[in-house]
Amino acid sequence: MTREVVGEPRYWQHYYRQHAAEFALLGVRSYEAFKDNRDLRAMCTKTLAGQSTPWMVCESCIGMFGVDRQATHRYAEEWWQSGGTFAPPGVGRAPLSAVNMDEARPASLRPTARHEGFLQRLTRPWRVKRLMEQATKMGVEEQTTQAICAELLEILDERSKDPDIGRVLYVRGNSYVREQRYEEGLAEYSRAADFYLRKSDLNGILHCERQMRYLHLSRIPREAPPGSEKAERLQLIQLEGSRIRLEWTYSSETDLGKLMAHLGDPDPDVRAYASHRISEAPFFAPEAKKWLVDYYRKCLSTDDDRAALVGRHVGSLLFMGPHDVFPADLTWLKLGKEIPKSFVTCACAHCGYLNRGIPVPPAGVVTAYFSRTDRQGQYSVPVLCVRCSREFFVAWDADPRR
Numbered sequence: 008m009t010r011e012v013v014g015e016p017r018y019w020q021h022y023y024r025q026h027a028a029e030f031a032l033l034g035v036r037s038y039e040a041f042k043d044n045r046d047l048r049a050m051c052t053k054t055l056a057g058q059s060t061p062w063m064v065c066e067s068c069i070g071m072f073g074v075d076r077q078a079t080h081r082y083a084e085e086w087w088q089s090g091g092t093f094a095p096p097g098v099g100r101a102p103l104s105a106v107n108m109d110e111a112r113p114a115s116l117r118p119t120a121r122h123e124g125f126l127q128r129l130t131r132p133w134r135v136k137r138l139m140e141q142a143t144k145m146g147v148e149e150q151t152t153q154a155i156c157a158e159l160l161e162i163l164d165e166r167s168k169d170p171d172i173g174r175v176l177y178v179r180g181n182s183y184v185r186e187q188r189y190e191e192g193l194a195e196y197s198r199a200a201d202f203y204l205r206k207s208d209l210n211g212i213l214h215c216e217r218q219m220r221y222l223h224l225s226r227i228p229r230e231a232p233p234g235s236e237k238a239e240r241l242q243l244i245q246l247e248g249s250r251i252r253l254e255w256t257y258s259s260e261t262d263l264g265k266l267m268a269h270l271g272d273p274d275p276d277v278r279a280y281a282s283h284r285i286s287e288a289p290f291f292a293p294e295a296k297k298w299l300v301d302y303y304r305k306c307l308s309t310d311d312d313r314a315a316l317v318g319r320h321v322g323s324l325l326f327m328g329p330h331d332v333f334p335a336d337l338t339w340l341k342l343g344k345e346i347p348k349s350f351v352t353c354a355c356a357h358c359g360y361l362n363r364g365i366p367v368p369p370a371g372v373v374t375a376y377f378s379r380t381d382r383q384g385q386y387s388v389p390v391l392c393v394r395c396s397r398e399f400f401v402a403w404d405a406d407p408r409r
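8 is the number of the first residue of the sequence shown in the numbering used here; add one for each residue after it.
Be aware that one or more of the hints could be misleading.
Pairwise CB distance ranges (calculated) [claimed, not checked]:
{"id": "1", "residue 1": "K168", "residue 2": "A238", "range": "43 to 49 Å"}
{"id": "2", "residue 1": "Y360", "residue 2": "D404", "range": "22 to 28 Å"}
{"id": "3", "residue 1": "D208", "residue 2": "T309", "range": "42 to 48 Å"}
{"id": "4", "residue 1": "G384", "residue 2": "S225", "range": "32 to 38 Å"}
Please keep in mind that the hints were generated in silico from the structure rather than gathered at the bench. In this text the structure is predicted, and so the values were computed from the model without any measurement. For each residue, glycine too, the CB sits at the ideal point set by N, CA and C.
Let the sequences and hints guide you as you build the complete structure.
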């Protein structure tokens, strides 16, 4: 409202800019000097009170600061005609003696929910760009970044492109992770992934999934007690996986065999950590691919649970496209008849992520199967989720091996 606008420091800054040349003749060459000059301030206030128009704010100021131009015009006229006693609804009296140039003055009592005006629509792209630059700038405090992202989420909608809502959520998730608030960061990445899924943005989904996998995987060594036997096994897996990931050589078969042995560990966290390090091995190399298939054949005759975990990495060689099922007939063509397995896709019982390349009996693809958090039914296959690194089971009520 008019009198509220007059009482704000931003109006007086605008007033000083409009009359800067006149003030310079009086020796006042900065806004700070204008604030400190009480005599000049009193003269300006008296001039405003004695003008012949009810407008306490010029037209440009009303367009810049006014919530509703018509309401501002009406309130100004009523205020002038009442001799300064009129109080707009919900505001209270604000005579000229209440004009305060202190920067720390509380904000005006304006409606929190209001329609976006022409000026806001006009400047919104510039404002969004500036806010996003501040949120992604290096050295900005995390609380500031989170506040900026919250403001951006109020401005943007799902049609926004630069930036989109998913990117803002992703930036806020990174901010939470830097503060070691992992659960909140995980929730932001999950919201961003859901947004990109609705938009069919594969690149955005992959970015969010990579961050979620990193957070879930980093939880395992972080929660292991320092100096414990579990922490030592995890460190050994880290070293063995790093050697294999750097470069594949013929001597890497021994290291890969040691890493595969950890899939038989009784601790599911250790198995999940080893499975992730195995997935980083360069199985695109012909020697590595051949070694993996031969190793899987040996596991099929010894340990079913361990073979199921090794078979996931064999399944990753087959699922190069968006196939949900890879029947045993196609497996024979790709890997040979020594591997009588079908490969299916099943959602994780913990986080809902679709895990591909799960080895099942040949008839498992035509028999109803379910995702469970523990062993149930007549037959079940253990699976380590790619996203959350937790173990779940693909279960059948009727044994598919019969």
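Verification of the supplied hints:
1. K168 to A238: 43 to 49 Å: 46 Å, holds
2. Y360 to D404: 22 to 28 Å: 24 Å, holds
3. D208 to T309: 42 to 48 Å: 44 Å, holds
4. G384 to S225: 32 to 38 Å: 33 Å, holds
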